[in-house]
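Let the hints inform the model, and build the full structure from the sequences given.
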Amino acid sequence: MAVSIRSRPASPPAPTAPEPTGVPVVELREVSKVYDGGHVGLDRASMKIGRGEFVFLVGPTGCGKSTCIRLLMKELEVSEGEVLIAGKALSDVTRKQVPLLRRNIGVVFQDYKLLPNRTVYDNVAYSLEVIGEARQDIRRKVPDILRLVGLSTKLHNFPDELSGGEQQRVSIARAFVNHPPLVLADEPTGNLDPETSIGIMQLIYRINRTGTTVVVATHDKEMVDKMRRRVIELREGRIIRDELSGLYRPDESTTEFAVRLRGELGVGPEGHPN
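Each residue of the sequence shown is one higher than the last, beginning at 0 in the working numbering.
Calculated from the structure, these hints are not laboratory results.
In the DSS-like style, the derived pairs of lysine-lysine whose C-alpha atoms are separated by at most 27 Å in a straight line are:
1) K73 - K95
2) K87 - K47
3) K112 - K95
4) K112 - K220
5) K112 - K73
6) K47 - K220
7) K153 - K140
8) K87 - K73
9) K73 - K47
10) K112 - K140
11) K47 - K225
12) K153 - K112
Label pairs and their computed distance ranges (CB to CB):
13) I239 - G210: 23 to 33 Å
14) G21 - D91: 12 to 22 Å
15) H155 - I239: 44 to 54 Å
16) D121 - P249: 38 to 48 Å
17) A88 - P249: 30 to 40 Å
Note that CB positions come from ideal geometry on N, CA and C, so glycine has one too.
The following block contains the structure:
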């Protein structure tokens with residue numbers, strides 16, 4: 000007896016990210032990165048991220064998320080293509096100019112990268128000292144940013160006296176104390192429990208609300224699904240999805256559902272038994 004299979008209604012296509020107006024804060028043009036030994040970090044990746052956007056980079060380990068972050072910091076050089084920050088090609092930035100570039104980029108790391116022998120205050124102040132900030136401005140800015148991240152009572156503590164969440168808050172304070180137009184976060188909740196992770200992402204979102212462009216590389220599916228911001232998915236160095244208000248993984252499309260269903264029923268692509 001023939002079995003009638005009722006297909007589910009087609010879902011509307013996921014909205015793709017529009018072209019940013021004005022000069023993008025971040026732009027990759029057909030960027031490839033091949034490491035020594037032949038591993039492909041990025042493969043002809045292109046993207047544009049506008050002022051004030053909040054973007055998640057997602058995908059499995061080794062897909063190219065961290066490579067992308069390191070290229071934006073000019074910690075790595077591209078093999079092919081071009082990376083631009085605020086319209087300036089990083090290939091034109093000399094080694095001497097890299098510190099100037101990084102004044103305009105705040106970076107939050109998974110492992111915090113705090114100076115162990117310096118207090119919370121000194122860790123944050125150091126990022127201002129290295130760019131020549133006046134002492135009176137440092138004395139004003141550091142307490143202000145530590146108040147913002149909820150660490151105003153921890154100024155004189157050392158990193159090993161803090162919890163993981165508190166250390167990450169110091170890292171965020173250090174990244175944002177100079178109010179850069181771009182903040183990059185590489186797995187900022189990777190070492191934290193779920194409750195602490197929520198607090199960290201709320202803090203990063205508050206920074207984004209000031210108009211700062213934020214790019215977060217993450218494996219945190221629950222956080223991505225809750226926040227529903229722009230999602231760029233990478234796999235084997237290639238961008239396979241760029242979606243507004245995206246999930247960590249998109250809903251299964253009607254086509255994917257049909258292919259899976261045919262396989263489960265043992266039916267070939269033309270409707271005949273395999």
